[in-house]
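Model the full structure from these sequences, guided by the hints.
For the sequence shown, my numbering gives the first residue as 408, with consecutive numbering after it.
Worth flagging that the hints you see were computed from the coordinates, not collected in a lab.
Ideal Cβ positions, reconstructed from N, Cα and C, are used throughout, including at glycine.
You can take every hint at face value.
Calculated cross-link-like contacts (lysine to aspartate or glutamate; reagent style EDC-like; alpha-carbon spacing at most 16 Å): (1) Lys-474 <-> Glu-461; (2) Lys-474 <-> Glu-460; (3) Lys-520 <-> Asp-468; (4) Lys-520 <-> Glu-668; (5) Lys-471 <-> Glu-460; (6) Lys-520 <-> Asp-473; (7) Lys-480 <-> Glu-516; (8) Lys-520 <-> Glu-478; (9) Lys-622 <-> Glu-414; (10) Lys-471 <-> Glu-516; (11) Lys-474 <-> Glu-516; (12) Lys-457 <-> Glu-516; (13) Lys-520 <-> Glu-569; (14) Lys-550 <-> Asp-757; (15) Lys-471 <-> Glu-461; (16) Lys-471 <-> Glu-569.
Computed spacing ranges between beta-carbons, pair by pair: (17) Val-761 <-> Val-546: 14 to 24 Å; (18) Glu-461 <-> Asp-528: 21 to 31 Å; (19) Gly-762 <-> Ala-487: 56 to 66 Å; (20) Ile-425 <-> Ile-485: 52 to 62 Å; (21) Ile-425 <-> Arg-535: 51 to 61 Å; (22) His-556 <-> Arg-412: 48 to 58 Å; (23) Leu-430 <-> Val-718: 12 to 22 Å; (24) Phe-491 <-> Lys-550: 51 to 61 Å; (25) Phe-462 <-> Ile-426: 47 to 57 Å; (26) Phe-505 <-> Phe-462: 17 to 27 Å; (27) Val-718 <-> Val-761: 29 to 39 Å.
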Amino acid sequence: MTTLRFEFIKVFRRPYFIISILLFTLINFAAIFITNKGYQNWVGEDHQNKVCEEFLCGPIDSQKIDKVISETKRLSDIVASQKFSREYDSNTITGYLFGDFNLYYGYLEPNLKYAVSYAYDMQDIIHRAYENVEFYEQVGNIKELNKNHDIIQLYSGRSINEYRNLYGARYLLFYDFSGLLIIFLLVLTLTPGFVSERENRMYQLFPTFPSGERKINSTKFLFIILITLMYCIWFFIMDLIGFALFSHLQGFSMPLYSIQEFQLTPLNLSIGQFYVVCLILKIFGMLIISFYIAILSKFLPKIVYVFLGSVLPLVLFIFWLPRAYSTLGWLDFINPMHLIKNRYIFLAYDPIFVGSNPIQPVLLAVLVAMLLIIISSIIIQTRIRPRFA
408 MTTLRFEFIK VFRRPYFIIS ILLFTLINFA AIFITNKGYQ NWVGEDHQNK
458 VCEEFLCGPI DSQKIDKVIS ETKRLSDIVA SQKFSREYDS NTITGYLFGD
508 FNLYYGYLEP NLKYAVSYAY DMQDIIHRAY ENVEFYEQVG NIKELNKNHD
558 IIQLYSGRSI NEYRNLYGAR YLLFYDFSGL LIIFLLVLTL TPGFVSEREN
608 RMYQLFPTFP SGERKINSTK FLFIILITLM YCIWFFIMDL IGFALFSHLQ
658 GFSMPLYSIQ EFQLTPLNLS IGQFYVVCLI LKIFGMLIIS FYIAILSKFL
708 PKIVYVFLGS VLPLVLFIFW LPRAYSTLGW LDFINPMHLI KNRYIFLAYD
758 PIFVGSNPIQ PVLLAVLVAM LLIIISSIII QTRIRPRFA
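Okay, here's the thing in C-alpha cells:
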C-alpha cells in the first residue's frame, strides 16, 4: 500500500491537479446551468412546475384528468375564436392567455395523456407479441419465439400511476458534458504514468530490485482503477447536485418508462436506479479509456506522443453520435462510448442472439469491456526494457 499511496501523492502534488478538478467542477456546474436554462425557457418548465405543485403532481385520478382536459378545451376554444386579450393578465399562469393555451395544449395534456395511456399501449404490444408467439410456434422459428416471450415478460404489468415534472430527470440522464471533463482529467493524470518515469531513467534501478518492476506495474494498475472510480463518482455526485440546484429535479422513484424517450425500454427500474446503472456502465467505459492512455504511456518514448495519442478518445467522445433504436454492430462493442453514453442501449428492446437465445446488448458490452480490461492488465504488467533513452 506504500507504493499506491506514493502514486496518489505524486498526482496530488502536481500543481495543476487540484486546480484542474476545481476548474472542471465549476465548468460542469456552468454547463448544467446553461443546459437547464435552455430547455426551461423553451418548454416553460417553471409554469409546468407551478401547475404540478398546485394540483397535478401525485397519483393520477379522474379529477385531475377532467380538469386538464376541460382547461385545455376552454383555452383552445378561446384561442380558436381569436377573441382574447394579448395584454398581460395576472389571472393567468404564464401572464398571457395564449401562453396558458400553449402550456396546456403543448405540454400538460400530452404528458398526462402519455402517462394515462401507457398501460393500454403496452397491452397492445403484449397482444401482438402473443399473436407472434402463435405464429412462430407454427413455423418453428425459435429465435423469434424466444424474443416475443421476452417481450411479454418485460412489458407485462406496466403502468404509470403518478404524474411528475420529469424534465429535470430527463435532461440529467441525457447530460454528457461531465464525461468529456472526466476524459480530460484522465489524460492529465495518466499520461505521465509510465513515460515520465522512463524519461527519469527509473528503470535503471530495476536490476537491483528484481520484483520492483512487477510491484510498480501492479500498483499502477490498481491506481488506474481507483483514480477512474474517483473521477466518475465525483462527477456523478456533482451532476446530481447541479441538476438539483438548477432544475426542478423530481420523480426518481418513478419507473424509467415514465420518461417518454424510454417508453419501450427493456428495463423495469426506477429513474433513480437507472441513474446508478448509468454510473456503473460509465465506469467500465472510462476504465477502457484509462487503460488505453496507460498503454500509450508505457510504450511511447515521449510524453508529447502520449498526449497526441490520448486525443483519440476526446475526439471520439465529441464526434461519435450514438444510433438510437438501431442494432449494434460487432465493432460497436469495443467502442467505450457505448458504455459512457449508455442510455441509447436501453431506449428499446433490441436483443442480440446467441444461438436462439436473445440477450441484452449491454451484457455483451460489459463482457467485452471486462475482457479489454484483463488484456490491458496483462499488457501493463509486462516487463519491458526500453531501447529508447
